[in-house]
Amino acid sequence: MNTTRDQRFQAEAQALGYSFDGEIRPGGHYVPLVRDGTTIYVAGQVPRVGDELVFKGSAGAERSLAEAQKAAQVCVMRILALLQRALGSLDEVKSIARMHVYVQSAAGFNQQTEVADGASGLIARVLGPEGAHARTSVGVFQLPKGATVEIDLIAIARH
Amino acid sequence: MNTTRDQRFQAEAQALGYSFDGEIRPGGHYVPLVRDGTTIYVAGQVPRVGDELVFKGSAGAERSLAEAQKAAQVCVMRILALLQRALGSLDEVKSIARMHVYVQSAAGFNQQTEVADGASGLIARVLGPEGAHARTSVGVFQLPKGATVEIDLIAIARH
Amino acid sequence: MNTTRDQRFQAEAQALGYSFDGEIRPGGHYVPLVRDGTTIYVAGQVPRVGDELVFKGSAGAERSLAEAQKAAQVCVMRILALLQRALGSLDEVKSIARMHVYVQSAAGFNQQTEVADGASGLIARVLGPEGAHARTSVGVFQLPKGATVEIDLIAIARH
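The listed protein sequences correspond, in order, to chains Z, U and V.
Residues in the first sequence are numbered consecutively from 1, following my numbering.
Residues in the second sequence are numbered consecutively from 1, following my numbering.
Residues in the third sequence are numbered consecutively from 1, following my numbering.
Next comes chain Z alone, as it looks inside the complex:
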């Protein structure tokens, strides 16, 4: 790839049609990420852009698979934006260790893997092969504010 990770991040933001330039605020009494050595624990992110939760409702009922995948991508863009700010550049991400994907699921909806693939694909496009990660996807009953998806992860910094 001839582009940098930070350029590809911007390209993904444009493709999604959202800006991730503003402050990424957590919704409660906690911090968006904690660093211990080179291990970075990123807080669970819902598909919020600015102050607006852009995907609410359960996958398989109010939300289609395609919408849930896009919701997962917005969650991951927030995580990448947080890592970019904490590290200065996404080039400083050495690897993504584990991602947890929580999908608000209607009865009988069991395409959580496919929803999570939306997030994993975006990470691969931005970070390249180093973005390959272990992943767990589950279908939960409710999420904060009615969010369609929530994602957290553990990233490893180069230095």
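Here are some of the chain Z residues that sit facing chain U, going by a computed Cβ distance under 8 angstroms: (1) Val31; (2) Val34; (3) Asp36; (4) His100; (5) Val140.
Only pairs whose alpha carbons sit at most 25 angstroms apart, straight line, appear in this in silico PhoX-like list of lysine-lysine: (6) Z:Lys145 with Z:Lys56; (7) U:Lys145 with V:Lys56; (8) U:Lys56 with U:Lys145; (9) Z:Lys56 with V:Lys145; (10) V:Lys56 with V:Lys145; (11) U:Lys56 with Z:Lys145.
Some chain Z residues well away from chain U (every beta-carbon gap over 12 angstroms; in silico): (12) Asn2; (13) Thr4; (14) Ala13; (15) Gly17; (16) Ser19; (17) Phe20; (18) Asp21; (19) Glu23; (20) Gly50; (21) Asp51; (22) Glu52; (23) Ser89; (24) Glu114; (25) His159.
No lab work stands behind these hints: they were computed from the structure.
Glycine included, every Cβ here is placed at the ideal spot set by N, Cα and C.
Place chains U and V on chain Z using the hints.
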């Protein structure tokens, strides 16, 4: 703060009206915490005091938001009690890396962030600014024994 | 124990009646495990043997407690198979830090601890006392492809 963390832990126990002096037993075939270097993985805790599960039922149906917040605080007190015993004192906790908060949620209940704030606020009161953590809160369908909340976390020890 | 861990792994596979000799493929766009130093993050595993998901349906409705426990054991056998391949032998596992057990649960089913004990017991039989781990068990609404159980864990390698 002129008090020690261990003193503030006792003050929180008194405010909740529960004692966390007894043995903190896990409910199954596992151990309450595992240490790897300075990283401490604490097992999921439900709001049990001694042998009694003090908060059962789902938030938004059998349990109010205020009760679910108190349930979350009991879970965190158990975690702090486990860390205190393992490390000798809560002063030996360097940071809290990540907390997962699972709230047994009724249909339409989406105040998982507010429930988790009950736990995060208690950690801040006891540990001070070093207790700031990354957090993920989700609404699950069922929890062991009907518990209202279950919380686990990763703590970092000073030494 | 006079047998090796790898021998006990084979004995458990025979007792379950499944072979874990084939490739263990993840179901989506991610990798089965990521290693960072001696910390190994294993992706969430469902009870799949080869290409077949051998336990579908929710515990407490389509699946009994005994079946859900066996499903949990199949998940853990997949994890052990992955660790065995990555490390050459299960003797290279120093410890299991944390296990997350997600049980697809029917309304009113709250024996998630007992389901997870099926998995923890198998780990104890294969790895011995070093396999003792912190654990979190929750009851989720849906799982990928309708799986009865999904399990992930963090293992620590000796070297």
